[in-house]
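Going down the list, the protein sequences come from chains H and V.
Counting in my numbering, the first sequence runs from 1 upward without gaps.
Counting in my numbering, the second sequence runs from 1 upward without gaps.
In short, the hints are calculated from the structure, not lab data.
These numbers were taken from a predicted model, which means no experiment stands behind them.
A hint or two may mislead.
Sample of chain H residues at the chain V side, in silico, Cβ under 10 Å [what the hints assert, rightly or not]:
#1 6
#2 42
#3 106
#4 326
Built from N, CA and C at the ideal position, the CB exists for glycine as well.
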Amino acid sequence: MSYEMLIEPLGESIEVQEGQTILDAALRSGIYIPHACGHGLCGTCKVEVVDGEFDHGPASPFALMDFERDAGKALACCATLMDDVEIEADVEEDEDAEIIPVRDFYTRVSKIEDLTPTIKAFHLRLDTGIHFQAGQYVQVHLPGMETSRAFSIANSPQQIEATGELELNVRLLPGGEATTYMHEQLKEGDEIRISGPYGRFFVRKSAPETMLFMAGGSGLSSPRSMIEDLLSEGSTTPMTLIYGQRSKEELYYHDEFLRIAQEHAHFTYVPALSEPADADDWHGATGFVHEVAKQHFNDDFSGHKAYLCGPPVMIEACISTLMQGRLYERDIYTEKFLSAADASEQRSPLFKRV
Amino acid sequence: MDKAVKKKKLGLKQRYTTMTRDLAWETSYQDMDKVFPYDKYEGIKIHDWDKWEDPFRLTMDAYWKYQGEKDKKLYAVIDAFAQNNGQLGISDARYVNALKLFIQGVSPLEYYAHRGFAHAGRHFTGAGVRVASQMQSIDELRHYQTQAHTISHYNRHFNGMHDNIKWFDRMWYLAVPKSFFEDAFSGGPFEFLTAVSFSFEYVLTNLLFVPFMSGAAHNGDMATVTFGFSAQSDESRHMTLGIECIKFMLEQDPDNVPIVQRWIDKWFWRGYRLLTLVAMMQDYMLPKRVMSWKEAWEMYAESNGGALFKDLARYGIRPPKGWEDACEGKDHISHQAWGTFYQYSHAAAFHTWIPKADEMQWLSEKYPQSFDRHYRSRLEYWDDLAKQDDRWFNQHLPMLCQTCQIPMVFTEPGDPTKISLRETKYEGQKYHFCSDHCKEIFQHEPRKYVQAWLPVHQIYQGSCYPEDINPESPGDSPVREVLRYYGVVGGQDNGEFETSQDRHNFDGWLGKAHKPEQQTEQEANK
Numbered sequence: 001m002s003y004e005m006l007i008e009p010l011g012e013s014i015e016v017q018e019g020q021t022i023l024d025a026a027l028r029s030g031i032y033i034p035h036a037c038g039h040g041l042c043g044t045c046k047v048e049v050v051d052g053e054f055d056h057g058p059a060s061p062f063a064l065m066d067f068e069r070d071a072g073k074a075l076a077c078c079a080t081l082m083d084d085v086e087i088e089a090d091v092e093e094d095e096d097a098e099i100i101p102v103r104d105f106y107t108r109v110s111k112i113e114d115l116t117p118t119i120k121a122f123h124l125r126l127d128t129g130i131h132f133q134a135g136q137y138v139q140v141h142l143p144g145m146e147t148s149r150a151f152s153i154a155n156s157p158q159q160i161e162a163t164g165e166l167e168l169n170v171r172l173l174p175g176g177e178a179t180t181y182m183h184e185q186l187k188e189g190d191e192i193r194i195s196g197p198y199g200r201f202f203v204r205k206s207a208p209e210t211m212l213f214m215a216g217g218s219g220l221s222s223p224r225s226m227i228e229d230l231l232s233e234g235s236t237t238p239m240t241l242i243y244g245q246r247s248k249e250e251l252y253y254h255d256e257f258l259r260i261a262q263e264h265a266h267f268t269y270v271p272a273l274s275e276p277a278d279a280d281d282w283h284g285a286t287g288f289v290h291e292v293a294k295q296h297f298n299d300d301f302s303g304h305k306a307y308l309c310g311p312p313v314m315i316e317a318c319i320s321t322l323m324q325g326r327l328y329e330r331d332i333y334t335e336k337f338l339s340a341a342d343a344s345e346q347r348s349p350l351f352k353r354v
Numbered sequence: 001m002d003k004a005v006k007k008k009k010l011g012l013k014q015r016y017t018t019m020t021r022d023l024a025w026e027t028s029y030q031d032m033d034k035v036f037p038y039d040k041y042e043g044i045k046i047h048d049w050d051k052w053e054d055p056f057r058l059t060m061d062a063y064w065k066y067q068g069e070k071d072k073k074l075y076a077v078i079d080a081f082a083q084n085n086g087q088l089g090i091s092d093a094r095y096v097n098a099l100k101l102f103i104q105g106v107s108p109l110e111y112y113a114h115r116g117f118a119h120a121g122r123h124f125t126g127a128g129v130r131v132a133s134q135m136q137s138i139d140e141l142r143h144y145q146t147q148a149h150t151i152s153h154y155n156r157h158f159n160g161m162h163d164n165i166k167w168f169d170r171m172w173y174l175a176v177p178k179s180f181f182e183d184a185f186s187g188g189p190f191e192f193l194t195a196v197s198f199s200f201e202y203v204l205t206n207l208l209f210v211p212f213m214s215g216a217a218h219n220g221d222m223a224t225v226t227f228g229f230s231a232q233s234d235e236s237r238h239m240t241l242g243i244e245c246i247k248f249m250l251e252q253d254p255d256n257v258p259i260v261q262r263w264i265d266k267w268f269w270r271g272y273r274l275l276t277l278v279a280m281m282q283d284y285m286l287p288k289r290v291m292s293w294k295e296a297w298e299m300y301a302e303s304n305g306g307a308l309f310k311d312l313a314r315y316g317i318r319p320p321k322g323w324e325d326a327c328e329g330k331d332h333i334s335h336q337a338w339g340t341f342y343q344y345s346h347a348a349a350f351h352t353w354i355p356k357a358d359e360m361q362w363l364s365e366k367y368p369q370s371f372d373r374h375y376r377s378r379l380e381y382w383d384d385l386a387k388q389d390d391r392w393f394n395q396h397l398p399m400l401c402q403t404c405q406i407p408m409v410f411t412e413p414g415d416p417t418k419i420s421l422r423e424t425k426y427e428g429q430k431y432h433f434c435s436d437h438c439k440e441i442f443q444h445e446p447r448k449y450v451q452a453w454l455p456v457h458q459i460y461q462g463s464c465y466p467e468d469i470n471p472e473s474p475g476d477s478p479v480r481e482v483l484r485y486y487g488v489v490g491g492q493d494n495g496e497f498e499t500s501q502d503r504h505n506f507d508g509w510l511g512k513a514h515k516p517e518q519q520t521e522q523e524a525n526k
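So that you can see chain H by itself, here it is in the shape it has in the complex:
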């Protein structure tokens, strides 16, 4: 059983499970509501429930006074829903965020390509056009599996509109049920259902700052979609992609980015290999993405907007490098999600999003 919660002033609707707190549901959807203690004592996460029935849970009578309860206030970390509700919360409005309702799409696999020994590209022919912001992801519903899996859209809105095909790049994870199925059983002509778009990882196009994309592992999809989108729109803001893999054979779409860099003077492409093989004959940068970035920018990232996508270890290393090079949270975007548990237990309240 689940309810729908409309969060103002964002105008975004999210799903809230029975017994799930408002805070947990919001954080899991990538919407940051300020919070601190996580168990109803401090009152930091106070929201106003404008419409709908809910339960206050164990909110302390000192953190949420009677007159506030009468006025429809609730503590997001304790309150659970009994109805579809509308809340007003202290969330940052993002002028670049579009409100796009999530929909189901029925697709047919039109092509499967090997990009590297472990990553395949799946081209899905859509039944109808999809509107999304480059960088967002879809949920893939595979036959026989109860839960869906999230994959970032790897091509741009313009490319999808032109070809009618949405591309996903999927790495085979050892023991991963869904990725194993996709790599070993899914074949051209199969039908699969996807839903989306989801996520708050997209380019802040209203920002004048130069852009820095950092990608590694199978995290190239969103940056690729973002860059193609920006160039198609004729953006002239300078942008740099630092893209790392272990060795040359894993550096998928390398030739494509070399070509784009040749065609667009304001796009700088910096590929990096952490362990180039002798046979790679590699003359480019060597090292991890964060190391190569530090060198490339001479340890000064101020004045950028940075978009990071890749495995958690890479993201963490990149964030530290950016911050020590004077670029901070307000200018760093990642696809990482924070759950209430993450926020209150393993993490300090120092950072909201990164």
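Given the coordinates of chain H, work out where chain V should sit on it, guided by the hints.
Showing chain V alone in chain H's frame:
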């Protein structure tokens, strides 16, 4: 006809900005630097005050309404507690000594915090942090008042609570919290926020608050618990102020990083030393125990603090220098402190005692590495002496650390059999310290710490006697006269609990003693 256009409702953030920063202005008759002269000399460089993010959105108008309701609620509980003689419901009269320690050593800090934040609230150039500091200043004053009102009920029934402000200024062990806070608010506004809002309120507050408040709950003191809930709803606002201040300094200029690092090193250690009093209270003074100091340290410092310092590493900040020594000390400091207060209880303003057999057992279980090996036999020896009517009180004054002002009772990291002593020379004088970290704090600002008012030195210099006393005249008891100067009645406000008036009275109220009198009363009622 014109229809009134419905104004778009302001978001919380805009509403807050309108009621705070928008009320500030750039001064033109006087240079801004002259109006705000104190936020630059510490070396912290700020380029853009607008980058300060208000960590919460409480405006002054809402503040009054909200806090007024909270106080009404609290005072209703305190009244009910008084009318129902709530003091009779506590676990054991020994518990009241934890409250004495609180009203003597913690509540005056709330008042100091009120003063410190009032000062910071005047002297930051940025309007956002000024408003936050002013609000906290009022919070702290409320906390002091509500604590005084909550505990004043106990003052009617128990000794050792009647003159806490005077004691705070005079007594040797209260110089520890007093010097901590005076050190903080005699720094600049940025150091003050790092010391109090960040190191104390954020990193260490749970170690102060949770033991006292859950200790109160476990021991039947609902008045103090309610005060605790009331204060706790302010605490997270205080913590977020500390967090925002640290982030702001670190992001504004790379030159700020080493300054902030040094402050974190210093104030973590000073806070940790101050919490020794809490550690002792938690392990020895609560008749019904909540958790051991060691457990609290592991939960609140090691795991939460660990997460914080992992995040701060992104800015190039490392964990405080004293971190490992503090973690090592978790097996020892509560026992070392209680041993000290037990010996000097005749010069304090609360009672001490030897733990009962089941309490010793609890300590053994909670401290398998240290209690039986290093601390139990000393307590048992003192217990034997007391049973032979020879209760041990140490008549010699201890040497104090020049920085934290705690007697030299701590042991070497890694060797709990050896007292840790450090010394250094400054302008021809020798100064003594309890640890490398206190010594380092001194060495960075020696001209500040040579001025420390060390209670033991002051006694020896003759500054702690009533005016009618010549301490050199034969027949005078120096200890008795110092107590007179402190305003403490020897043997009544302090000393051994077992033979105290507090215990005698409490047992009487519960009908545990004076049975003949009660029987007489009952007979009279027949």
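Evaluated hints:
no.: 1; hint: 6; verdict: violated, 15 Å
no.: 2; hint: 42; verdict: holds, 3 Å
no.: 3; hint: 106; verdict: violated, 39 Å
no.: 4; hint: 326; verdict: holds, 7 Å
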